[in-house]
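Chemist: If you read the protein sequences in the order shown, they are chains A and B.
Residue 11 is where the first sequence starts when you use the working numbering, and the numbers rise one by one after that.
Residue 203 is where the second sequence starts when you use the working numbering, and the numbers rise one by one after that.
Calculated from the structure, these hints are not laboratory results.
Do not take every clue at face value.
Beta-carbon label-pair distances, calculated as ranges [unchecked claim]:
| # | chain 1 | residue 1 | chain 2 | residue 2 | range |
| --- | --- | --- | --- | --- | --- |
| 1 | B | K319 | A | K47 | 16 to 26 Å |
| 2 | A | I150 | B | R362 | 44 to 54 Å |
| 3 | B | K347 | A | P498 | 26 to 36 Å |
| 4 | B | V248 | A | P210 | 17 to 27 Å |
| 5 | B | E240 | A | P159 | 50 to 60 Å |
| 6 | A | E412 | B | D258 | 44 to 54 Å |
| 7 | A | K47 | B | E349 | 53 to 63 Å |
| 8 | A | W355 | B | Q236 | 43 to 53 Å |
| 9 | A | P523 | B | R362 | 40 to 50 Å |
| 10 | B | K252 | A | D156 | 45 to 55 Å |
With a Cα cut of at most 25 Å, we get these calculated SDA-like pairs of lysine to any residue [what the hints assert, rightly or not]:
| # | chain 1 | residue 1 | chain 2 | residue 2 |
| --- | --- | --- | --- | --- |
| 11 | B | K370 | B | K276 |
| 12 | A | K47 | B | L295 |
| 13 | B | K276 | A | D24 |
| 14 | A | K47 | B | L296 |
Cβ coordinates follow ideal geometry from the N, Cα and C atoms, glycine included.
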Amino acid sequence: MSGDQERFNDLVSDWLDGSISQSNSEELQAKLISSEKRRATFALACQLDADLRLMSEKAEPSQSQPSIAVNQRWNNWYVASGMAVGILMAASLLVVATLHRDRDSNTRLSGELQGVTEESVNFSCAVLRHSVDATFADGIVRSDGDALPAGRLKLASGTVQIEFYSGASVLVEGGAEIELVDAWEARCLSGRMSVNVPPPAIGFRLKLPDVDVVDLGTEFGVEVSAENSVVHVFDGEVEAHVEGEPVRRIEQGGSFRRSNTQSQVGKAVPGRFVDAKAFDQQVREETQRRYERWWESIQSVRQDERLLVYYLFNRESEWPWERRVEDYCIPSDPSRSGSAVGARWADGRWPGKRAIEFKRPSDRVRMNLGSEKYDGLTMAAWVLVDSLDRRCNALMLTDGYEDGEPHWQILDTGEMLFSVNYGKPEPQAKTSDERFPHNQLYLSPSVFPRRGDRRWHHVAVTFDARTGEAVQFFDGHEISRQVSRHHPGPRQITFGACEIGNWGLPHQVASVPVRNLNGRIDEFMIYGEPLSPQEIAEIHALGKLK
Amino acid sequence: MTAPSDEYEEFVRLLIREESAVKAYVRRLVPTWQDVEEVVQQTSLVAWKKFSELDDVSRFGGWLMTIARFEALKYRRSLARSPLVFSEPLTELLADLDSPSVPVSDRRTALEECLQKLSAAHRELVLRAHTPGITIRDFANSQGKSEAAIYKLVQRVRHRLWDCVRSKLIGEELP
Chain A
11 MSGDQERFND
21 LVSDWLDGSI
31 SQSNSEELQA
41 KLISSEKRRA
51 TFALACQLDA
61 DLRLMSEKAE
71 PSQSQPSIAV
81 NQRWNNWYVA
91 SGMAVGILMA
101 ASLLVVATLH
111 RDRDSNTRLS
121 GELQGVTEES
131 VNFSCAVLRH
141 SVDATFADGI
151 VRSDGDALPA
161 GRLKLASGTV
171 QIEFYSGASV
181 LVEGGAEIEL
191 VDAWEARCLS
201 GRMSVNVPPP
211 AIGFRLKLPD
221 VDVVDLGTEF
231 GVEVSAENSV
241 VHVFDGEVEA
251 HVEGEPVRRI
261 EQGGSFRRSN
271 TQSQVGKAVP
281 GRFVDAKAFD
291 QQVREETQRR
301 YERWWESIQS
311 VRQDERLLVY
321 YLFNRESEWP
331 WERRVEDYCI
341 PSDPSRSGSA
351 VGARWADGRW
361 PGKRAIEFKR
371 PSDRVRMNLG
381 SEKYDGLTMA
391 AWVLVDSLDR
401 RCNALMLTDG
411 YEDGEPHWQI
421 LDTGEMLFSV
431 NYGKPEPQAK
441 TSDERFPHNQ
451 LYLSPSVFPR
461 RGDRRWHHVA
471 VTFDARTGEA
481 VQFFDGHEIS
491 RQVSRHHPGP
501 RQITFGACEI
511 GNWGLPHQVA
521 SVPVRNLNGR
531 IDEFMIYGEP
541 LSPQEIAEIH
551 ALGKLK
Chain B
203 MTAPSDEYEE
213 FVRLLIREES
223 AVKAYVRRLV
233 PTWQDVEEVV
243 QQTSLVAWKK
253 FSELDDVSRF
263 GGWLMTIARF
273 EALKYRRSLA
283 RSPLVFSEPL
293 TELLADLDSP
303 SVPVSDRRTA
313 LEECLQKLSA
323 AHRELVLRAH
333 TPGITIRDFA
343 NSQGKSEAAI
353 YKLVQRVRHR
363 LWDCVRSKLI
373 GEELP
């Protein structure tokens, strides 16, 4: 028995016994996906497992008879099973039927929801709208657009704008600590922050250590230090609640200070706070700087001779019939520019960066990379997944699936699937593995949630056609490295006509499964060689720019 | 039960006949034996509800398998992600895999013959390890041996058994 077979048996055993680890499970699944023969072997092992369990179930469990002849045991079971199992099954059927009826009547109200896929639950109460040079004391990197759950948030430096789901918006300055309670309430634990409350959010409450500030539709700032809690009202009015004292209304231009159990009313000092206008300007400048830094950093990437295609999806033309997707390689081969079909332009990773959005089964970007052959490839893309609607969700697929052509997709399980087709079965092949070597599948662990997380992720795959090794990456990290057991020895890959975000040719006669992506892509690179993990990490870092 | 009792008896008789075949099929689609039992129970419930729609009882076996396939995939989707839960595409591949053309009785005979080839101690071991509700740990404790040692031994014996059954059924040694 070969070591490979032994390994496979061990993995199957671990799975049957319920003791398989995550990485071993991935290995087993990859082996099963890639070979029909393995699946048949697996199915038989499962059948035998069931047989053995049924035998053991019916066998005398007493340890005092340790050596009953199996033959007898088996026959006993066989003969006895009619009665015993019959009674058992009939009984369990009745029990189940009764339970079911009870449940039906008890939960009629919620009955409609039963059987429907569980709705997802949201624990967040606010969203990080914008941040400028922001770092958080807990070390967690948060991006604009991230949902924020209830809890404390300490800003070490920079400025952030938090939008509560009620509509209230809070500008938090570096050094301040805020506790998000829910969509209608927050606490300022220390530092400075200013609050803007539009009409739908009137009643939003900001608690300071000694004062509750209830907003009546306005803009105000608060400052909390060890000695003082101060409220400055810039616009509209607020109510200041202090325990044991009458409620005070503080009007525009006024302030309220509470220190050492003393309350004091005074004038507002707006200059102490970052106002919305200044923050907006900061956001603009930061965006511009970011874009410039990124643009500068990709210039050397554009000149990489190994690069075949570099799409940035920045809309080139305002003409509605101009659907060209420009290739940013230097020098650029005009025949490699793509063409958007159906897909629309949308916002990319940050303001100012554009992306292309795929929504409908007709949406795609067409391209043709010619008949050149390569010893390997690298594909890398920034992608935002709205939802994994299809069993296979296209990143890049060649038309059809001919000899040497690669396909790159995300499965609805969130796994990345890279595959290459290598020709027809060998006629002289003896085993089934050899007879069906053409489709080489490389499956990564699951990295996307099925419903999509609507965040930008960097995905990449490198493939060496000489060795058959494919390495997959997610956000700059290697997530799988496999050599297909079907790899037929040194080969090459080729692209020809292909498309991003979908699969299928308009003039193809045969029906094609629907595989359109539901999401956006704002950068897509294809190299004619496998890059190193180090290089992938660098490309990822360039695009992150944080 | 409001159903005519002869219809019910007929159903139970057919169900008993197919029970082990269905369990053997469902085993590859869900992670644990307990899951198998649940799926098969749900399957029999659905089958009983729809039994009157089945015109030809000689098709009962295939009909029941179709229900089991559906119920197993539905059940699998309800499970939380774990190393024991295979990806959906793989589960579907496994669900669609034609059950080997070997009749259940041949498989049992082969298994029985292969069990006879084992030593009495190993036979006992492998049967005990497959007793529902008994974990390898329980078994190791009852034997006063380490879990890892028992585990390795069970695996080895089990693999011998698989290879033996395979070669009997398919007439070939494993590659």
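Chemist: Does each hint hold? Answer for all of them.
Modeler: Hint check results:
no., hint, verdict
1, B:K319 to A:K47: 16 to 26 Å, "holds (25 Å)"
2, A:I150 to B:R362: 44 to 54 Å, "holds (52 Å)"
3, B:K347 to A:P498: 26 to 36 Å, "violated (47 Å)"
4, B:V248 to A:P210: 17 to 27 Å, "violated (49 Å)"
5, B:E240 to A:P159: 50 to 60 Å, "violated (34 Å)"
6, A:E412 to B:D258: 44 to 54 Å, "holds (45 Å)"
7, A:K47 to B:E349: 53 to 63 Å, "violated (32 Å)"
8, A:W355 to B:Q236: 43 to 53 Å, "holds (52 Å)"
9, A:P523 to B:R362: 40 to 50 Å, "holds (43 Å)"
10, B:K252 to A:D156: 45 to 55 Å, "holds (48 Å)"
11, B:K370 to B:K276, "violated (35 Å)"
12, A:K47 to B:L295, "holds (12 Å)"
13, B:K276 to A:D24, "holds (24 Å)"
14, A:K47 to B:L296, "holds (11 Å)"
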